[in-house]
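Residue-level listing of the chains:
There are 2 protein chains.
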Amino acid sequence: MGKNEKQFVEEITPMEVDFPQWYTDVILKTDLVDYSPVKGFMVIKPYGYAIWENIQSYLDKKFKETGHKNCYFPLLIPESLLNKEAEHVEGFAPEVAWVTHGGKNELSERLCVRPTSETIICSMYSKWLKSYRDLPYLYNQWCSVVRWEKSTRPFLRTSEFLWQEGHTLHETYEEAQEETLQMLNIYKEMCENLLAIPVVTGRKSDREKFAGAEATYTIEALMHDGKALQSGTSHFLGQHFTKAFDIQYSDREGKLAYPYHTSWGVSTRLIGGLIMVHGDNRGLVLPPRVAPIQVVIVPIAAHKGNVMEKVDELYNELKSSIRVEVDDRANYSPGWKFNEWEMKGVPIRIEIGPKDIENNQVVIFRRDTLEKQKVSMDNLKETIEDLLDNIHNTLLSKALEMREKKTYTATNLDEFKNIIENTPGFIKAMWCGDEKCEEKIKEETGATIRCIPFEQENISDKCICCDKQATKMVYFAKAY
Amino acid sequence: MGKNEKQFVEEITPMEVDFPQWYTDVILKTDLVDYSPVKGFMVIKPYGYAIWENIQSYLDKKFKETGHKNCYFPLLIPESLLNKEAEHVEGFAPEVAWVTHGGKNELSERLCVRPTSETIICSMYSKWLKSYRDLPYLYNQWCSVVRWEKSTRPFLRTSEFLWQEGHTLHETYEEAQEETLQMLNIYKEMCENLLAIPVVTGRKSDREKFAGAEATYTIEALMHDGKALQSGTSHFLGQHFTKAFDIQYSDREGKLAYPYHTSWGVSTRLIGGLIMVHGDNRGLVLPPRVAPIQVVIVPIAAHKGNVMEKVDELYNELKSSIRVEVDDRANYSPGWKFNEWEMKGVPIRIEIGPKDIENNQVVIFRRDTLEKQKVSMDNLKETIEDLLDNIHNTLLSKALEMREKKTYTATNLDEFKNIIENTPGFIKAMWCGDEKCEEKIKEETGATIRCIPFEQENISDKCICCDKQATKMVYFAKAY
Numbered sequence: 029m030g031k032n033e034k035q036f037v038e039e040i041t042p043m044e045v046d047f048p049q050w051y052t053d054v055i056l057k058t059d060l061v062d063y064s065p066v067k068g069f070m071v072i073k074p075y076g077y078a079i080w081e082n083i084q085s086y087l088d089k090k091f092k093e094t095g096h097k098n099c100y101f102p103l104l105i106p107e108s109l110l111n112k113e114a115e116h117v118e119g120f121a122p123e124v125a126w127v128t129h130g131g132k133n134e135l136s137e138r139l140c141v142r143p144t145s146e147t148i149i150c151s152m153y154s155k156w157l158k159s160y161r162d163l164p165y166l167y168n169q170w171c172s173v174v175r176w177e178k179s180t181r182p183f184l185r186t187s188e189f190l191w192q193e194g195h196t197l198h199e200t201y202e203e204a205q206e207e208t209l210q211m212l213n214i215y216k217e218m219c220e221n222l223l224a225i226p227v228v229t230g231r232k233s234d235r236e237k238f239a240g241a242e243a244t245y246t247i248e249a250l251m252h253d254g255k256a257l258q259s260g261t262s263h264f265l266g267q268h269f270t271k272a273f274d275i276q277y278s279d280r281e282g283k284l285a286y287p288y289h290t291s292w293g294v295s296t297r298l299i300g301g302l303i304m305v306h307g308d309n310r311g312l313v314l315p316p317r318v319a320p321i322q323v324v325i326v327p328i329a330a331h332k333g334n335v336m337e338k339v340d341e342l343y344n345e346l347k348s349s350i351r352v353e354v355d356d357r358a359n360y361s362p363g364w365k366f367n368e369w370e371m372k373g374v375p376i377r378i379e380i381g382p383k384d385i386e387n388n389q390v391v392i393f394r395r396d397t398l399e400k401q402k403v404s405m406d407n408l409k410e411t412i413e414d415l416l417d418n419i420h421n422t423l424l425s426k427a428l429e430m431r432e433k434k435t436y437t438a439t440n441l442d443e444f445k446n447i448i449e450n451t452p453g454f455i456k457a458m459w460c461g462d463e464k465c466e467e468k469i470k471e472e473t474g475a476t477i478r479c480i481p482f483e484q485e486n487i488s489d490k491c492i493c494c495d496k497q498a499t500k501m502v503y504f505a506k507a508y
Numbered sequence: 029m030g031k032n033e034k035q036f037v038e039e040i041t042p043m044e045v046d047f048p049q050w051y052t053d054v055i056l057k058t059d060l061v062d063y064s065p066v067k068g069f070m071v072i073k074p075y076g077y078a079i080w081e082n083i084q085s086y087l088d089k090k091f092k093e094t095g096h097k098n099c100y101f102p103l104l105i106p107e108s109l110l111n112k113e114a115e116h117v118e119g120f121a122p123e124v125a126w127v128t129h130g131g132k133n134e135l136s137e138r139l140c141v142r143p144t145s146e147t148i149i150c151s152m153y154s155k156w157l158k159s160y161r162d163l164p165y166l167y168n169q170w171c172s173v174v175r176w177e178k179s180t181r182p183f184l185r186t187s188e189f190l191w192q193e194g195h196t197l198h199e200t201y202e203e204a205q206e207e208t209l210q211m212l213n214i215y216k217e218m219c220e221n222l223l224a225i226p227v228v229t230g231r232k233s234d235r236e237k238f239a240g241a242e243a244t245y246t247i248e249a250l251m252h253d254g255k256a257l258q259s260g261t262s263h264f265l266g267q268h269f270t271k272a273f274d275i276q277y278s279d280r281e282g283k284l285a286y287p288y289h290t291s292w293g294v295s296t297r298l299i300g301g302l303i304m305v306h307g308d309n310r311g312l313v314l315p316p317r318v319a320p321i322q323v324v325i326v327p328i329a330a331h332k333g334n335v336m337e338k339v340d341e342l343y344n345e346l347k348s349s350i351r352v353e354v355d356d357r358a359n360y361s362p363g364w365k366f367n368e369w370e371m372k373g374v375p376i377r378i379e380i381g382p383k384d385i386e387n388n389q390v391v392i393f394r395r396d397t398l399e400k401q402k403v404s405m406d407n408l409k410e411t412i413e414d415l416l417d418n419i420h421n422t423l424l425s426k427a428l429e430m431r432e433k434k435t436y437t438a439t440n441l442d443e444f445k446n447i448i449e450n451t452p453g454f455i456k457a458m459w460c461g462d463e464k465c466e467e468k469i470k471e472e473t474g475a476t477i478r479c480i481p482f483e484q485e486n487i488s489d490k491c492i493c494c495d496k497q498a499t500k501m502v503y504f505a506k507a508y
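Quick mapping for you: the protein sequence lines, in order, are chains A and B.
Using the numbering used here, read the first sequence as starting at 29 and increasing by one per residue.
Using the numbering used here, read the second sequence as starting at 29 and increasing by one per residue.
One or more hints might be untrue.
For chains that are exact copies, the list does not tell them apart, and a pair is met inside one copy or across any two.
Under the rule of at most 30 Å between Cα atoms (straight-line distance), these lysine-lysine pairs were calculated in the DSBU-like manner [stated by the list, open to error]:
hint: 1; residue 1: Lys283; residue 2: Lys57
hint: 2; residue 1: Lys89; residue 2: Lys409
hint: 3; residue 1: Lys434; residue 2: Lys445
hint: 4; residue 1: Lys89; residue 2: Lys365
hint: 5; residue 1: Lys216; residue 2: Lys97
Because the hints were derived from the structure by calculation, they are not lab data.
Chain A on its own, in the form it takes in the complex (with noise of 0.2 Å):
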């Protein structure tokens, strides 16, 4: 190990030493975050908000694909709209910001920050909609939210995050059941596609779903430590918010009748899975096609020759499909910018000096197997687009690896107690379906259903917890 790459990796906790403060020193280390002056507020810096950029248009066209359109609707809702859903209110009103001033005056209604929007935007939606022709309405926004939180981290829990809101309405129950999952589908095949993060797909326990709705889907995925995030959920929420906001139209016999109401999201929390998946303890090891830089060109002698020449000209051959920069500092050693873009995650270095020039080739360095090698400089691009859907499916399969190993069945208590203590991870186990059994579970070990996977097994006949009946198999973790 040389002294530079030793000073790099020291400023990194190991994560089997201490995996919250891994955590902190690679997002704060790596330009991704930081702190800001509001206690549980971020700052995403350019490194950070470029991978939001990413999974945005990503969502972005996969959402137009499907027929949904952006709008915007008011950052600030009256307490009284709030109010109107009885278990959302519930729900959210302890974790929102109130405004009672506007200027020198205080409000004759307090507003709250929008948490989330169902509750403004029903009470449009019951403005605008007439006629079963109009439906469905697919609309969704991006933007920010804010939730009071207690205890925050970067990303994962913050009293404001960057999300999308998806608010649609429908005429049917079924219609709206398979805009539900096929939001959630969608979610899922961006994790796995773009994120190179395996998800499970499930529907939440009633103690777990959303403050209002009558089903949520969820996409859950594991981390390096063996615990869950929620990584993005899609609500059912049948005519909960209709019935509360008045949203009637005249059906196809005339007759007024309430539509059907989905909403999903996901939000900046993606960006901490994405790190807590791939990352090791050198840093970031972000998968090709979200990572902001996929390409360094790093040159070696620069000053010699022609080195800067032709990486110049490879960087414009490569620039048109790559996103790839080239490190002409001056005041740093190549081994220095070695360690720095490794720490940083960028999936692919190129280095090229006086020699690689002589022999047509430059050396290539990929981040997540740590493998170098020589590689000639004809049709490099094409090499270069290999090697990267390459290393995507490498990381997807890695992650699926770690997730299997550290996914395990128990059929007592007992056995579920171990696991949850020495080998952290998903726990499979079958459960009666009664919500005391769950409390039980998560008052004893800490561990909550993430969910009742679609894809069920019959692990026993009888509940975890209580010994009656199982009706379904689900899927347990402690969770961030």
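Here the structure of chain A is known, so what remains is to put chain B in place on it, guided by the hints.
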């Protein structure tokens, strides 16, 4: 005038009768925007938001091409930070929304919802910036801001609006000055090239500049009713904020220095300008490059022969490079559809029926000139692309002509008042530079100095107000 047409036209108040009502009719009836349950806040509907998305993607590309990166800073700013720059707090404190409670707890310090982000961003820059090597800082964010306005109009002045705000730091005065003007030029170019809106560029008077700026530069457009719209601003902030926030770095000589600072922004207000520059008594007229739908295809006698087949063929041919939609709604007549799409300002309508197919032609209607013509189906994509460019150029010329027609010169106050009362528009006049004259003119006429244009003319030697030696030619106007 057919019955359908009449019905539509009657829905919109003619602009000559009541311009503000015309504006309100147009924005509501074309589904750009709606009023929300919170006074002064607007809902941007999908058709309006799609215009904003086109502005965003155009500008975001320009920002990135000039080296800027996006990031995200918190929505809420502690009162103590807002108070740090004296002029700034004086300008903004009276119009901010205050968050006083998080959940059930009163906060120890009030937080304002950002009215603009100089203060929170400078507090972070002060933490981050170490060396001249880190400069320049070229950052931007897309977000919403809140300013508690008493009198509001959708897009033009609302208590919340969407915008982008660039915040940059530089080593030298000259470099910051260059950045300020570079961004102003990007705004000007965007107005002309995307929105087909010609603008006058120049500097704001000290009275009209941004609270805390050393100099504010502006782009000013003229609306149909002769009122000006400040359409974008770029501020040279000097060291006002960098000193107030103690942003220091180690310069090339190793000494501590304060950087120079700029900020610049445009907002959803541009959409208001778009409407009031190009719209007519039938509704919106959207310039093609920013129009959410550039071409609408309306089938005639859709049930007959191969009409829908041909429509699909056409649609598939155009959609690779043109934002095209087919209006195949069965429950509306072609005439009804024509009027609706005219009202919504779609630049080109294509009509296609059995006879057109026989003759291998389509009927093309231009929204800007209201002209209909028959064109061959051969090379239709090229024909349409050329026509879209032609429409853009025609709209820009027309707007320029309108502005020139409504730009006057005045050499004394009587002339000035006569213009303002009878033929409102831009008034070019000489000014001594004294704020007292500026205020007197505002009091007596309602007109303000829109800018001290870069292109100076010598109209006379005397200030239009006090007859003393004039130092500059300025543009006056009543403004939104």
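Verification of the supplied hints:
no.: 1; hint: Lys283 - Lys57; result: between (61 Å within a copy, 26 Å between copies)
no.: 2; hint: Lys89 - Lys409; result: both (26 Å within a copy, 24 Å between copies)
no.: 3; hint: Lys434 - Lys445; result: within (15 Å within a copy, 80 Å between copies)
no.: 4; hint: Lys89 - Lys365; result: between (35 Å within a copy, 28 Å between copies)
no.: 5; hint: Lys216 - Lys97; result: both (21 Å within a copy, 29 Å between copies)
The structure meets every hint from the earlier list without exception.
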